[in-house]
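As given, the protein sequences belong to chains A and S, one line each in that order. The opening position of the first sequence corresponds to residue 0 in numbering that gives the first Met the number 0, with each subsequent residue numbered one higher. The opening position of the second sequence corresponds to residue 0 in numbering that gives the first Met the number 0, with each subsequent residue numbered one higher.
Honestly, the hints are just simulated from the structure, not real lab data. The model shown is predicted, which means the values in this text are computed figures rather than measured ones. For every residue, glycine included, the Cβ atom is placed at its ideal position computed from N, Cα and C. No false leads were mixed into what you were given.
Covered stretches of chain A (chain S as the covering partner; in silico rule of three or more C-beta atoms under 8 Å from a C-beta of chain S): (1) 10-21; (2) 32-44; (3) 110-124.
Sample of chain A residues lacking proximity to chain S, with all beta carbon distances greater than 12 Å (derived): (4) Lys29; (5) Lys59; (6) Glu71; (7) Leu72; (8) Lys98; (9) Thr99.
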Amino acid sequence: MTFNQTGSPDTKGWLDLLKIFAFGTYAEYKANSANLPQIDDAQAIKLKQLTVVSLACDSKVIPYDVLLTALELKDTRTLEDCIIEGMYAGLFVGKLDQKTKEFHVTETAGRDCKPGELSEMISVLKAWVEVPFHLFAVFFSLPPASCPSRARVVMRLPVARICCPARPAL
Amino acid sequence: MTLFESMCPLLFFWPATYVRESACYLQPHLTLCTTFAALHTWNVCTCYRVQIFEKGPLDVVVFVFVQYLILANGARGRAAVALVQQAISNPHLFHFGELIDHENISALDGAPVLSVLCCSHKSQKEPGANPPRSQPQPCLNLGIVDQQRGPVHASCGNFF
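Same shape as in the complex, but just chain S (with noise of 0.2 Å):
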């Protein structure tokens, strides 16, 4: 379990007690929290009040970079390109350790994760359409690789 990991109920189950209603602050929250204080984010979140069941409504905090990582879970290819670029653009982000952690946006690296499948008639039918294939695509459990006559594939090119 990571750092960030290990404090995730802090963050998203702050006591109402130590959080008022203002939207971007945490100043109270500096006692508590000071491994967030030592990274100097702690003017970085954005404050919920949700209610919960049986004890009463609950202020959620949540930094803007755990907003990215959130979003980083689903984002691969452009939309990890699309998330990087709101990060650098975010004016209250200045922290970018975790984002580059995340394995989503460090398989930019050059990683070969299948992003995008794209398939179409001509594509199929003109067999120099094919991308040139030197040697197997790793990651392919999409459908079944033929080494001579490339990636044949039961998908929705015969809708087409």
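Extracted from the complex, chain A is given alone in its bound form (with noise of 0.2 Å):
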């Protein structure tokens, strides 16, 4: 009669390559491949895809060194092909400037957030909550003379109004 555990270290390597493509990068993997189970060609290129998100959380603008380097490509040729493939997959937006040997990030995905970053998180979602409402404070703060287009839309709109928009017509 044999009894095997879920927890046997070799399921638990799979569990911790799930976290590096949650929230890690692929030099993370690679600190740590002797310990992880191994990952395939079209794995990796997913995580280092991940991991271009999460530079490019860090910074707008990431020069091909970093990614070189981060990513343990050898050649721009093959960066870009990485890069292209995870714009088409939906991951990141931007330009690749070859002039200058960067990539412009317009637009990128958000990774997992790491069990230790969930309260940071939530209070950079606060602020960005109450901004509007700051706006609004700001922009009826003003007197009207100075701003004749905020007494238009007190004319027109009411507060109620606004909070609360009218059903369409039937």
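Build the complex from these two chains, which are given one at a time in their own frames, with help from the hints.
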């Protein structure tokens, strides 16, 4: 009679690998590759694209040198192919500047939040939610003479109407 | 109730008005599904059209990660490992947080859950074939556990 537990060392490696795909980078995989299962080429490219997402979260302009080092690629052509595939996958949007050898990111997907960073993410989202309220307060604190458009808005749209738009006519 | 569970009705019973018949897209949902738009998963879903009685056809939108979460409900041990392999190989799946939080996937970390119960005539006859037992195994509610002789189980071993 044989009893196997799910938490054997080989299965734990797969969970660690999944965590690296969730919020890790290719460099972290390479650093711990001895304890992790092998990944094939397609999975490696996917992890490299996710690494580009992490780099894009830090700065909008990423030099090719940084990308080549982080992704452990040798030539620019392979790097550009990897980035273009990530663009088609919807991971990030941007422009590849071959003159200055930089990747300008205009839009990027988010990655999974690490367990320790959840409170920081909540505070960031709270601050983002409060931005329109601050703008609203600033807008209505201006004197009417300095902002004629504000007077027009107040005349036409009551506050209750803005907060709770009326139903469309059937 | 987690965020995912609260969004489940929106996922599975999306009105046909907002969903067209193509296979993989979620562009018209941006105004309604801002949470998932923030996750950048709107182009990662599968759309099915189903017939609901007295309500007409409904388009059912199932995200890729929802499919994996459903599969994770019945995957333990090696099946969970295979599911992880599929998830990291899927070219449309880039978020794994929900999958990591699933109990069957997080159990791969070392939780002592009985996954495979395999018994044979040989292993029951030869005491040396049994694995060494230094301490009582947890989560063994399938049979009687004797500290001296190992697990005595009224199982299919009698059939071999």
